[in-house]
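Engineer: Sequence:
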Amino acid sequence: MKKKVFGIVLVLFIIFNQFNVLNVQAGSSLKKHKLYYASSPADNPLKGFVGFRGTGSYTDYPYSMEYLVIKLSDIVVGENKYDWSVLENQLKEVASYGRHSIVSFHMDMPGYSYGESGIPKYLLNSGLKVNYYSQSGGGYSPDYTDARLWKMIYNFVNAFGRKYDGDKRIAQVESSIVGFWGEWHTYPYKNFGLKDADLSKLARTYDNAFNKTQVSVRYPKPGTSRMRVGYSDYSFCYETLTDDWSQYKRLKQFGATNYWKKNMGGGELYPSYYNRIFVTKGWCVRSGESFNACVKALHPSWMLYGAGHRLTGANRENSINAAKRLGYNFTVTAAYFKNKISTKKQSFPIKIHIKNIGVAPFYYKWKMQLAIFNSKGKRVKTINTKWDIRKIAADRKIDKLSAKIKNVKLKKGVYTMAMRVQNPLTNGNKLKFANKSQKANGWLELGRFRVGKAKIKKVKNNKDTTSTSRSYKITKAYYKETIKAGRMFNIGARIRNYGINRYTGNDTVQILFYKNKKLVRKIITDWKIRNVWANTNAYFNYNIKGLSTGTYSLKIKLHARGIPVEIGDLYVKK
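In terms of full-length UniProt numbering, the sequence shown opens at residue 1 and continues consecutively.
FYI, nobody ran anything at the bench for these hints, they're computed from the structure. By construction, the Cβ of each residue, glycine as well, lies at the ideal position given by its N, Cα and C atoms. No false leads were mixed into what you were given.
Each computed DSBU-like pair below joins lysine-lysine, with the alpha-carbon atoms no more than 35 angstroms apart: (1) K351 to K391; (2) K412 to K345; (3) K404 to K261.
Label pairs and their in silico Cβ distance ranges: (4) E317 to G54: 21 to 31 angstroms; (5) D243 to R561: 50 to 60 angstroms; (6) K574 to E88: 34 to 44 angstroms; (7) I524 to Q346: 39 to 49 angstroms; (8) D165 to K367: 13 to 23 angstroms; (9) K168 to K397: 28 to 38 angstroms; (10) G282 to D243: 13 to 23 angstroms; (11) D399 to K522: 39 to 49 angstroms; (12) K522 to K163: 47 to 57 angstroms.
Please model the entire structure based on the sequences and the hints provided.
Structural biologist: The following block contains the structure:
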């Protein structure tokens, strides 16, 4: 009898629990919001081609990083004495353009005179031997057998790490310093004393000094495959694949071909190829060393390319397409969340299907956020997720992210769900997904849902328009995203003419302010795009005053027949 009772209770328990499970599944049914692919920009942060320091002040070429080449003697001003002002000023300058820096130091720059040497002066004054050479314009190489030199180097690296490890302005530090150009070799001279054991120890010192900021070294050496370092190939597309001493074959020799899965790689496009590789068939100057094959083998995130801003026509466009092939490339294929919720306070789940279709991961744990926007475009809720963008592998496979949006209480209406990866630089380039619904302000629209009995209207076109005509394009907009009501503020824009002719009309650029999707203010500026000559860019700015509180969508109309271009949102507070 007891067995029968127990059996009945057990069956009822199972049925009851199955019923509850089914109810939970039905009650939490999520609607699929499909997202569509669109190319992501070449100047996404921490990837792409890199210009030398200062390019952000005069070019619109889509660099997201700049390369700092600093003499060690500018920093090391005495034994264990450091003046960081040169580095600090350069980091501030590059960050002001919204870009990150790659930092490299050198003591020996071919073509520099003895007085210009990067060897710290106190060592020269204390009798450090220096070797003169005639290679590459001549220069002065320190005696690498002198223990005083290495003591200075190791002490400097440790001090550098203590001060700058984790600095949000730095994308990567190069374990450079020694050899010609700081590139770890004195070829063809074999008697300057630079040994593999010293290079391995230098790499280890950098690895120990920097636990947050990415480090790269020039070549794999004994032990570097066990370190947290990436590799920089400064003969990219020339000595990357084919020669016995090529970068890839060295990586294979030292078991480091998978370094890129956790450590950022880079280098420099071979300088003599700068002006011709992207107008050469297959983007290949030397047989077996095509750009695409080299990218596939080394998985670099960035590549120094000092000539990008000087290119024109097809050469420029091809180079920009090449830049997009470096590093990460995230696209969201679908988002799952309820299509309708009530006006009561509640929590509900959301799932994201995302994949990295690039050649490398993202290496920093930047904040991944969700947000809810109302129909007026105002952000009404922001959610900091626990998602880690570093874990989305570059394998083209879908990663499934899930979160719970807690304690939501919304008024009746239609809302948009969005997500972003937040750049820690306040004015930094927005990380943009490879999706049509990616907005200029950095938010990726995932889909809409309604609260209460509100109706959702179909959106005919949710893709950002970035080009007003065949020739003219707004390549950068500058303004504070949050201002106080009634205060004067400035809007600036960089406009490029990609054509071979210029606009001849006399009409001027308009700045348009939309509120609740209605045009509420139109400003006729004194900007004239006829002043932007063929294949050049120009900078414009305009002071504006008198906006009331609220959220505005900003658009710029370049000429009378142009299509307004969305440049972002503006929030005006009391």
